[in-house]
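Protein chains in written order, with my numbering: chain A, 1 to 106; chain B, 1001 to 1639.
Certain hints may be false.
[What the hints assert, rightly or not] Derived EDC-like pairs (lysine to aspartate or glutamate); straight-line CA-CA distance at most 20 Å: (1) K1389/B with D1349/B; (2) K1389/B with E1436/B; (3) K47/A with D1264/B; (4) K91/A with D1613/B.
Just so you know, these hints were derived from the structure itself, not from any lab.
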Amino acid sequence: MAVKDPRVARMTREQRLNAYWRENLRMIAVLFVIWLAAGYLHPPFAKALNEIRILTGFPLGYYLASQLSLAIFVVLIFFYAWWANNVLDPKYGFHEEESRSEDANP
Amino acid sequence: MSMSTVNKADVAAFSRRLQRYYGLFLIGLFIFIGVMLGLESLGLPRVAIGYAFLLLTLALYGVIGVLNFTRKLDEYYVAGRKVPPFFNGMATGADWMSAASFISMAGTIWLLGYDGLAYVMGWTGGYVLLALFFAPYLRKFGQFTIPDFVATRFAEHAKGARIVGAICAIIVSFTYVTAQVTGVGIIMSRLVGVSYEVGVFVGLSGVLLCSLLGGMKSITWTQVAQYLILITAYLIPVSFISQKLTGIPISELMYGQALGAVTDIERQLNLSNYVEPFKQALSNASWISSATQLKAQAPAIFGGLTVPAPVVNTDWRGAPWEFLALTFCLMAGTAGLPHILIRYYTVPDPKAARVSVGWSLFFIFLLYFTAPAYAAFSRWEVLTNVVGKPIASLPAWVGNWSATGLMSIRDANGDGILQFPELTIVADIIVLATPEIAGLPYTIAALVAAGGLAAALSTADGLLLVIATAVSHDLYAKVINPKASYGVRFLASRVMIVIAALLAAFAALPRLALIVQLVAWAFSLAAATFFPVVLTGIFWRRANAKGAIAGMIGGLLVTATYMFMNYTDPRFTILGLSHLSAGIFGMIANFTLQIVVSLATKAPPRYVQDLVDQVRVPVGETVIPGVTDQPLPVATPGK
């Protein structure tokens, strides 16, 4: 298992799994909060935000609900996929197939 | 199937081959459109153009179906688990975008203004939940269906959990498929002028041709083609109308100009503001027309029904709760719809599942990002060239579409001038009439109808497979007759697809007014049943079978009750929430019941908790092997 972080390399499989899951949950929580804000923070203020016009004449409240929130959703998912596949998994050695012997570890 | 059996080089080669095929297909599609445009200018009649689009697309779906005939169970249920993430994204896009998204959503935004954006955000934001909470873990989990997941994760009462899960899957999917079949009938009658009833059955035969032979495998590859057709059909007309009205064909950017102009005109005419949020009142109009229809069509059963007096509840106008709750129900429902969840069983591994959700939302985003542009441009056009004009000299498209019944004009004050309140439109008209409003040839209108048909058929494909699988795999092969041979299972699944399709057709034939509510109801039901159970199944080790079963049943009952109460009498409401967002109460009930019942009863056995650990890691053996139905390696006590 090619793990760069010496701290992780010393862990048992169970410790590794727990640390992996905790770090994963932290990122999920951060992205979930951004998701909440992108979807639910602006609509209650849409009426006031609509007084502001942007780009070709979009009322801001309408723009947030019809375009910006959607774009944020797309970016959030691709970011999470990139982070999980290229940062999180390799850090804990879950980026390539585990051999059977390791799977059988307690 | 072990994930290590999927060879990376094979996947890459397969992906390149697919790119070539679908690239050629897209070129062929444009050539076909060009040829039809040429023939139309030479005088080819409209009905011939309509038939050309109809027959060619249906034949294409049929050919893909036949080419993907399969006798392998994992190909039939999960397309052999080798769909590259990018193509699974396109297939999910087609699976996802239904007749409601393609034909009705832009019109809904036209009618509701800002409030219609709940659908735009709700039907996209759910993919974030799917990506963060579900997709990679379900893929790691393996097997075929969502009830498979429920039954294995809640193994103490595997049968009960599976049966409840299967019934929820059937209710949710059947609600949804009825709306698709209605869409198929409407589009078929638009495209080639057959009656609605004939349209329903001809369209459904297209679905059957495809899904009967190759199951998920042929559905997947058909859906990719259907996505390409529907997105082409959706993006072309709106670019032309943007070009016509603003001089720049980038509709998504330029409709800001339309919104500005619309708001200014509305201020002059003293109309309600299009972009102002939370204008909706609760009413029982849909229930009144449905009750009247039921009474007239089936007096034997519904003769005793009393049609209620109209009730309008405006107490909660201006409050954001309904908008927020509806958005949330649509999002959670998205992440809980079985026909979408199973699409992430078809990619090679959990890492691919993560990426594939991104592609799914990207391809969906292309349409949802554009829908408000349709609404804004046609509203601008109507307010400048239709409203305030003498009724005798309205644009030609108004007359043509009035004849279809999708819009009507009534000179209430008899002054010969059309005022805004004298114009009534049905939501479906906005997308369908845009080619004509933009002055495009009929070929483009036929393309739009073919795109709508692709959207409705692709969604119906996925839904019928879920229903058939829930009955043949979850109820029959896993509960009633576990010794059933593969041959019998295949036969059962194929027979069920036909039965489900016929039932959906008969449910769609009366064209009840409540059909348009069905899609939103399906989301509320999914949000109240599957979403909470799959979430706790992965993220809370302590959740047990009794809790999950109680949660699903409670969620279903609470949602259905609130829906019925508010739909029939809008004076019954909590915080102004309508029947459309009833799922939020069901979801709360589901979570509460799960937590209370789980904590009050025994923790799940050790081997189930180990299973949860195993699901959380993106590498290693799939939890439940897919190819064989051997006893589950992890679901045996004492490991």
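Outcome of the hint check:
no.	hint	verdict
1	K1389/B with D1349/B	violated (60 Å)
2	K1389/B with E1436/B	holds (19 Å)
3	K47/A with D1264/B	holds (16 Å)
4	K91/A with D1613/B	holds (18 Å)
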